[in-house]
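S.K.: Use these hints to put chains C and B onto chain R, whose structure you have.
Protein chains in written order, with our numbering: chain R, 700 to 822; chain C, 982 to 1635; chain B, 35 to 231.
Since the hints were derived computationally from the structure, they do not count as laboratory data. Since this is a predicted model, take the numbers as computed values, not measurements. Each hint should be verified, as a subset may be incorrect.
Said to hold, decoys possible - Only pairs whose alpha carbons sit at most 27 Å apart, straight line, appear in this in silico DSSO-like list of lysine-lysine: (1) Lys1203(C) with Lys49(B); (2) Lys1554(C) with Lys1203(C); (3) Lys199(B) with Lys713(R); (4) Lys1035(C) with Lys44(B); (5) Lys1567(C) with Lys199(B); (6) Lys1567(C) with Lys49(B).
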Amino acid sequence: MTKRSDEYSRTLTKYVIGFLASLALTMFAYALVSGRILTGDSLLLVIGGLALVQMIVQLFFFLHMADESRPRFRLVSFGFMLSILVIVVAGSLWIMYHLNYNMMGMSAAEKDTYMTSQKDKGF
Amino acid sequence: MWGRLSLDALPHDMITIGGVVGGGLALLAAVAALTYFKKWRWLWTNWLTSLDPKKIGVMYLVVATIMLLRGLADASMLRAQQAIFATSDAGPISSDMFQQVFSAHGTIMIFFVAMGALFGLLNLIVPLQIGSRDVAFPMLNSISFWLFVAGMVLMNVSLAVGEFSTAGWLAYPPLSGLEYSPGTGVDYWIWSLQIAGIGSLLSGINFLITIFTLRRPGMTLKKMPIFIWAVIGCLLLVAFAFPILTATLSLLSLDRTIGTHFFTSTMGGNPMMYVNLIWAWGHPEVYILVLPAFGIFSEIVPVFSKKRLFGYTSMVVALMAITILSFTVWLHHFFTMGAGANVNAFFGIMTMVIAIPTGVKVFNWIFTMFRGRVTFATPMLWFMGFVVTFTIGGLTGVLLAVPGIDFQVHNSLFLVAHFHNMIIGGVLFGFFAGVTYWWPKFTGFRLHEGLGKIAFWCWLIGFMLAFLPLYALGLMGAARRIDGYDASLGWQELFVVAGIGMLVILVGVLFQVLQVAYSVWKRRELRVGSDPWGGRTLEWSTSTPIAEYNFAQLTPVTHRDEFWEQKRPGHNKQAAPALTSIQVPKNTSLGIVIGMLAGVIGFAIIWHIWWLAFVCLVATIVTVIVATLREDTERIITVDEIVETEKRLRGATS
Amino acid sequence: MSTLALRDLKLLNFKTNSGFWLYLMTDCILFASLFATYIVLHGGTAGGPTSRDIFELPMALTETIILLTSSFTCGLALLALRQENLKQLVVWLGVTYVLGIAFLTIELTEFSSLIQAGHGWQQSAFLSAFFTLVGTHGLHIFIGLLWLFTMVIVLFKRGFTPKLKRQLGLFALFWHFLDLVWIFIFTVVYLMGVMPS
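So here's chain R without its partners, still in its complex pose:
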């Protein structure tokens, strides 16, 4: 019974810490934005970072990533997924930024007018 309740209180502690930490991180990010404490790129980086930290907190305190015994399937598959995600998302954003810069010189209104005129010509 002692071993069971040891595990119980350990897990309970983890959940509570995870919850409070996530709450704090959320409130902090909220305060930074609504209180206009930071602005611009530095704000973006900080709240992005806060989100990543909260993700790690929840991965370890709610999803028990560290408690996995070998083979560490969850950890490896998560790592693989994250790599693909970064490549696809960052790659897409890089590509689209350049495409938009090169190919979308017109403003939205100009593009609207152009596309409508092409359509009227029967294209």
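M.R.: Same frame as chain R, but now just chains C and B:
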């Protein structure tokens, strides 16, 4: 009540009507035969509701073969049109039909022939090669198959009711958007793929977990057959690329049904984002198709060289490198869309890098043959054909990887020749080799060698005739997807050569059909034992026919090429564990029900029959809940039954 | 339970948990595609409202706290499950469920007020992307609540079977994962959408 469905949806032109009538008659003939021979119960119990991956695998292959015939019919129409056009400024099919035919051709070949053959092979071979009795999630396996069938049915229904997409096999907007394709064509395309795609994704998860958790005790990663490594690479790509397809198809569908503006030209939309996303899926997709083919050749070459695979470790490293790299090259499909020199340069370089591990593999196969005792049975012929063809295709691929060159030949027939080179030479030849190689394991007789050899030479020569001219045409400026080129260009001779090549391929297909028919007829003369080629891996250690439970005992494994080692004299046999009763999954019709419901949902959305879509969606959710609540799912095979079966199948006490 | 049956159960639990985790990884890629689309298109406002015009940060914060709490109570429910404490399990699952409903209610209210103000998904690419990304997450929440509801019924009918324990474990994974995705929606859509340029 019936949305936009009306009698107008039925076909109006002779060719389509011919196709529909022909298909309908074939279906009717099948139904008549089943009724006459009183085989409905047999079909239902032994095949349709079975959760045995060996059965599901065969069903995938049957569907893939039927779709191959349709895809080849489409290709023949395209070749005929382009060969004949210059003579009279008109060919046998109209422009609009031509657009539908090449769109259907590509979609069918990739999604239903190649993916179908792929999952068919995985079902048949993977559990046996890892020494397991089943896949990880048998019910899910059945659902995946029936979702695949639902997609295939929608694809074929589009012939009879409505039209098909004219926007190519990838349906770029704005052409595929509501404004320029207001009909049902693109919707058929979307929903066939969406439904089949979900089946593929579920299979990807299923087989990855199967390989990860159900390997024979002692079969560490380094002792796995190389085919399994190739399959792991393929499945990782399936699992992590198909969600992108699901998302992108959904976005296009939302644009077409509820008026969103993801890919519209106005209101802030960006059609280029579609191209980006679809190829972020699309490039991994082509590696999904080819990696198992590499795996098949890695199995065949050692067996027919009677020598173990050269460079197992470097093969594994190459496979994993290809897997990861295939996520880093996708922009090479749209160099010309305008991302600029820096972006193009990065992706061009990555594309050249990915050719390197493939080269490593080709050398390793050749080194395997060196100083081996090579026999050129049909599977080995397909391998030799692959080496020649795939290398040519690979070289043109490296050419295309250079953005500057690509700007000249993008979307020309050069490109068309390149990817057919890779898919036919790589994927198709690989599957033909695999089918010929593993056929005797499942049927107990070999396919007739002579007919097989003729078929091979027809395919090889036919392929060269059909596609090498296209390289020249592309370099001369011929764009793709055009239904006729003016006679004054002087290109007609090359198109005629390509047309002849197509005919030679069709002769090859005829010989393949003949080969199967003749071999079935003469199966007693062609009978072989359970290990006709001198196999190296565990699937060859089973009896033929294979017992329902695959292996009576799950004896631990101690070597790579375990079966080969077991056959060597002086090998210390591992102690087999004691016989215990075996659980096998019971049959269930839930897979068919879910597949059918999915198909109807797709049809309903296509035709805007919203109430039907909603009702079937609710029914699907209910069915899924029922499926998760099933309790009595396994059937027990007792030890006595096992002993009896083994005696019968092996003719000796086990 | 015999050693053989125990080993079989362990294998069943292991492969089911691994399979479900792998599915969640694929779902991450699905959401990643939607996030990438949102980021690319969020400037496509076509003369309509921008993110600064329509997002209310306090409401988004409320949703975030509600979902986070429900993820916490879901964890507590799992603890109760391991103790086989039926009463605690039902209480914590109930709280999780109520919080989930509350979350969905707030989200649907936001959606409907936007639509009624003429700012539906048809107005611009930005709004299309917003409704789709946030809506897909909401759809996942809805399916989760439906799943939870079904399982509680099964719990009362069949009690603590190994299958139900396993399935509740899967639900917890699903629910935690949805909270993870929401962190990024809150950050990328709401926080970054509202911050001064």
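S.K.: Are the hints correct? Go through all of them and say.
M.R.: Hint-by-hint comparison with the structure:
Between lysine 1203(C) and lysine 49(B) the alpha-carbon distance is near 21 Å, which keeps this suggested pair within the 27 Å criterion. Taken as a hint, the lysine 1554(C) and lysine 1203(C) pair is honoured in the structure, with Cα atoms around 20 Å apart against an allowance of 27 Å. Distance restraint check for lysine 199(B) and lysine 713(R): the Cα-Cα separation of roughly 21 Å lies within the 27 Å cut-off, and the hinted pair is therefore satisfied. Note on lysine 1035(C) and lysine 44(B): the hinted pairing holds, with a Cα-Cα distance of about 26 Å set against a maximum of 27 Å.
As the CA atoms of lysine 1567(C) and lysine 199(B) are separated by approximately 23 Å, the hinted pair is consistent with the 27 Å bound. Restraint check: the Cα-Cα separation between lysine 1567(C) and lysine 49(B) comes to about 19 Å, which is no more than 27 Å; the hinted pair holds.
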